[in-house]
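Please take these sequences and the hints and turn them into a complete structure.
These protein sequence lines are chains A and B, in that order. Counting from 1, one number per residue, gives the positions in the first sequence under UniProt numbering. Counting from 1, one number per residue, gives the positions in the second sequence under UniProt numbering.
Keep in mind the hints are simulated off the structure, nothing from the lab. The reader is advised that the hints may include incorrect statements.
[Said to hold, decoys possible] Sample of chain B residues lacking proximity to chain A, with all beta carbon distances greater than 12 Å (derived):
(1) Trp35
(2) Glu36
(3) Arg38
(4) Pro39
(5) Ser57
(6) Glu69
(7) Tyr134
(8) Tyr143
(9) Gly156
(10) Ser182
(11) Pro185
(12) Ala192
(13) Ala205
[What the hints assert, rightly or not] Derived contacts from chain B toward chain A, CB cut-off under 8 Å, selection only:
(14) Ala47
(15) Leu59
(16) Val66
(17) Ala74
(18) Gly82
(19) Pro86
(20) Arg88
(21) Val89
(22) Arg92
(23) Arg93
(24) Trp97
(25) Glu113
Positions of the beta carbon are idealized from the N, C-alpha and C atoms, including for glycine.
There are 2 protein chains.
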Amino acid sequence: MRVLYHLPLSPFARKVRLVLAERRLPFELRLEKVWERRPEYLELNPACTVPTLVEDSGLVVPDSAVICEYLEEAYPDMTLLGLNMPERVESRRLVKWFDEKFFAEVTRNLLWEKTMKQALRLGAPEAGALRAGYANLKQHLLYIGWLAEHRRWLAGENLSLADFAAAAQLSSLDFIGDVDWSVSPAAKDWYARMKSRPAFRAVLADRINGQAPPPHYADLDF
Amino acid sequence: MRVLYHLPLSPFARKVRLVLAERRLPFELRLEKVWERRPEYLELNPACTVPTLVEDSGLVVPDSAVICEYLEEAYPDMTLLGLNMPERVESRRLVKWFDEKFFAEVTRNLLWEKTMKQALRLGAPEAGALRAGYANLKQHLLYIGWLAEHRRWLAGENLSLADFAAAAQLSSLDFIGDVDWSVSPAAKDWYARMKSRPAFRAVLADRINGQAPPPHYADLDF
Chain A
1 MRVLYHLPLS
11 PFARKVRLVL
21 AERRLPFELR
31 LEKVWERRPE
41 YLELNPACTV
51 PTLVEDSGLV
61 VPDSAVICEY
71 LEEAYPDMTL
81 LGLNMPERVE
91 SRRLVKWFDE
101 KFFAEVTRNL
111 LWEKTMKQAL
121 RLGAPEAGAL
131 RAGYANLKQH
141 LLYIGWLAEH
151 RRWLAGENLS
161 LADFAAAAQL
171 SSLDFIGDVD
181 WSVSPAAKDW
191 YARMKSRPAF
201 RAVLADRING
211 QAPPPHYADL
221 DF
Chain B
1 MRVLYHLPLS
11 PFARKVRLVL
21 AERRLPFELR
31 LEKVWERRPE
41 YLELNPACTV
51 PTLVEDSGLV
61 VPDSAVICEY
71 LEEAYPDMTL
81 LGLNMPERVE
91 SRRLVKWFDE
101 KFFAEVTRNL
111 LWEKTMKQAL
121 RLGAPEAGAL
131 RAGYANLKQH
141 LLYIGWLAEH
151 RRWLAGENLS
161 LADFAAAAQL
171 SSLDFIGDVD
181 WSVSPAAKDW
191 YARMKSRPAF
201 RAVLADRING
211 QAPPPHYADL
221 DF
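See below:
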């Protein structure tokens with residue numbers, strides 16, 4: 001069985017979980033505490049990040065962006081990038097937007113400060129980081145709302161990897177109750193559509209160390 | 001004529017300049033001072049980063065990773081990722097390694113602190129960042145050397161995007177005289193092979209604000 005090494009709140013692992021489910025590719029999840037730097041894991045992925053995918057053939061594919069490009073080429077029955085060049089450019093542009101810009105400006109400031117930093121006993125959350133994270137999240141929600149008002153899905157007419165990249169970041173933040181959905185009704189409506197996809201079910205059923213997310217997290221009509 | 005918006009020391013713009021030259025795709029370079037946030041440029045690339053490529057057809061392709069995937073699909077006469085899945089995974093893994101890990105651990109600490117920060121009058125270089133940058137650079141040179149000793153090119157038997165991603169980061173640092181090549185003779189030998197490629201010529205001829213790089217920068221036998 002295909003194996004995906006992950007951490008439950010990693011937005012990059014969530015992106016790949018969503019994409020594998022959307023593509024109906026079964027996989028087994030394995031928790032990888034990357035901070036322990038297990039030698040066996042370092043051999044699979046020298047950067048020691050999650051996720052890493054291991055195929056039945058033994059092929060090891062580290063890094064969420066590398067995995068998503070690999071899946072697009074290895075399972076061409078479904079494309080999540082688009083059928084023509086302008087669509088593929090726009091999907092990939094937005095994937096980078098959410099993987100890099102949204103992550104650096106929002107997710108790292110909130111999720112890292114409020115969960116990982118405390119779990120690893122690296123100190124209390126920094127007030128400045130939290131303030132920046134919430135302010136940036138508002139701007140990003142407005143941008144997502146703007147895209148959702150002008151297009152059927154974030155990158156255009158078709159559902160794409162951009163939707164999963166954005167939803168993955170937001171679902172991690174939503175799990176810790178950090179998303180004020182009232183900022184943008186259009187973004188909320190788009191996210192409700194994402195949550196109601198079958199591919200989202202497993203992510204919505206997540207419990208972490210027995211901890212449940214806020215009630216609206218798994219509510220399709222939040 | 002195809003246009004590439006760039007900054008001369010941006011390792012990401014350099015990666016695309018090298019790849020376009022390797023693919024023999026002619027282009028015109030245009031300087032984009034991203035910190036000025038020109039409205040016309042924000043329309044091309046809302047993330048306001050360099051590089052951005054504009055094709056003759058008018059197609060706008062922002063972001064070096066998006067551009068390199070686009071070129072691979074739009075000009076399939078040459079592949080810089082490899083012909084089979086394991087090669088493509090390994091090329092992309094290393095591209096991410098240099099674009100993200102090498103950049104965050106080395107280039108940002110040295111190049112940002114020593115050039116951009118001063119140019120934008122954001123203060124003097126931080127001693128801690130410089131120390132970390134030089135220490136990390138040594139480890140990265142040893143890793144490049146290890147790869148070059150075990151393989152013909154960094155990702156395997158064939159020259160790939162991984163070589164250009166690594167060479168682009170290093171050429172920016174070499175321009176400001178920050179690379180101690182004595183750390184790894186194997187890395188130095190690999191970089192000498194990269195420098196002697198015709199695709200490297202324009203990058204080696206760079207002058208920035210009339211400033212010349214150290215003499216060994218353009219020397220093929222340094």
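Hints, one by one, checked against the model:
Under the 12 Å C-beta cut-off, the non-interface status given to Trp35 (chain B) relative to chain A holds; the minimum distance is some 16 Å. Look at Glu36 (chain B): its CB is around 19 Å from the nearest CB on chain A, clear of 12 Å, so calling it non-interface holds up. Against the 12 Å criterion, Arg38 (chain B) stays outside the reach of chain A, whose nearest CB is about 18 Å from its own CB. No Cβ of chain A approaches the Cβ of Pro39 (chain B) within 12 Å, the least distance being about 17 Å, so the stated non-interface status holds.
Distance to chain A contradicts Ser57 (chain B) as a non-interface residue, since its nearest Cβ pair spans about 9 Å, not more than 12 Å. Listed as outside the interface, Glu69 (chain B) is inconsistent with that label: its C-beta sits roughly 6 Å from the nearest C-beta of chain A, within the 12 Å cut-off. With a least beta-carbon separation of about 21 Å from chain A, Tyr134 (chain B) lies farther than 12 Å from that chain, consistent with its non-interface assignment. With a minimum CB-CB distance of about 8 Å to chain A, Tyr143 (chain B) fails to clear the 12 Å threshold, and the non-interface call is violated.
A cut-off of 12 Å between C-beta atoms confirms that Gly156 (chain B) is not in contact with chain A; the least separation is 14 Å. At the 12 Å boundary, the C-beta of Ser182 (chain B) stays outside the reach of chain A, the nearest C-beta of that chain being 24 Å off. With a minimum CB-CB distance of about 22 Å to chain A, Pro185 (chain B) clears the 12 Å threshold, and the non-interface call stands. For Ala192 (chain B), the non-interface assignment is confirmed: its Cβ lies about 25 Å from the closest Cβ of chain A, beyond the 12 Å cut-off.
Listed as outside the interface, Ala205 (chain B) is consistent with that label: its C-beta sits roughly 30 Å from the nearest C-beta of chain A, beyond the 12 Å cut-off. Checking Ala47 (chain B) against chain A: minimum C-beta separation of about 6 Å stays under 8 Å; hint holds. Residue-level restraint check for Leu59 (chain B) holds (minimum Cβ-Cβ distance to chain A is 6 Å; threshold 8 Å). A least Cβ separation of about 4 Å between Val66 (chain B) and chain A falls short of the 8 Å threshold, and the interface hint therefore holds.
The interface hint given for Ala74 (chain B) holds, since its Cβ lies 6 Å from the closest Cβ of chain A, which is under the 8 Å cut-off. This hint is violated: Gly82 (chain B) has a C-beta 11 Å from the nearest C-beta of chain A, more than the 8 Å allowed. Annotation: Pro86 (chain B) was flagged as interfacial toward chain A, and the flag holds, the nearest CB pair being 6 Å apart, inside 8 Å. Interface restraint check: Arg88 (chain B) against chain A, minimum CB-CB distance 7 Å, threshold 8 Å, status holds.
A distance limit of 8 Å between C-beta atoms decides the matter here; for Val89 (chain B) the minimum to chain A is near 5 Å, and the interface restraint holds. Nearest Cβ of chain A to the Cβ of Arg92 (chain B): about 4 Å, under the 8 Å cut. The hint holds. For Arg93 (chain B), the interface hint holds, the least distance from its beta-carbon to any beta-carbon of chain A being 6 Å, beneath 8 Å. Checking Trp97 (chain B) against chain A: minimum C-beta separation of about 6 Å stays under 8 Å; hint holds.
A least Cβ separation of about 18 Å between Glu113 (chain B) and chain A goes past the 8 Å threshold, and the interface hint is therefore violated.
In this structure, the earlier hints numbered 5, 6, 8, 18 and 25 are contradicted, and the remaining ones agree with it.
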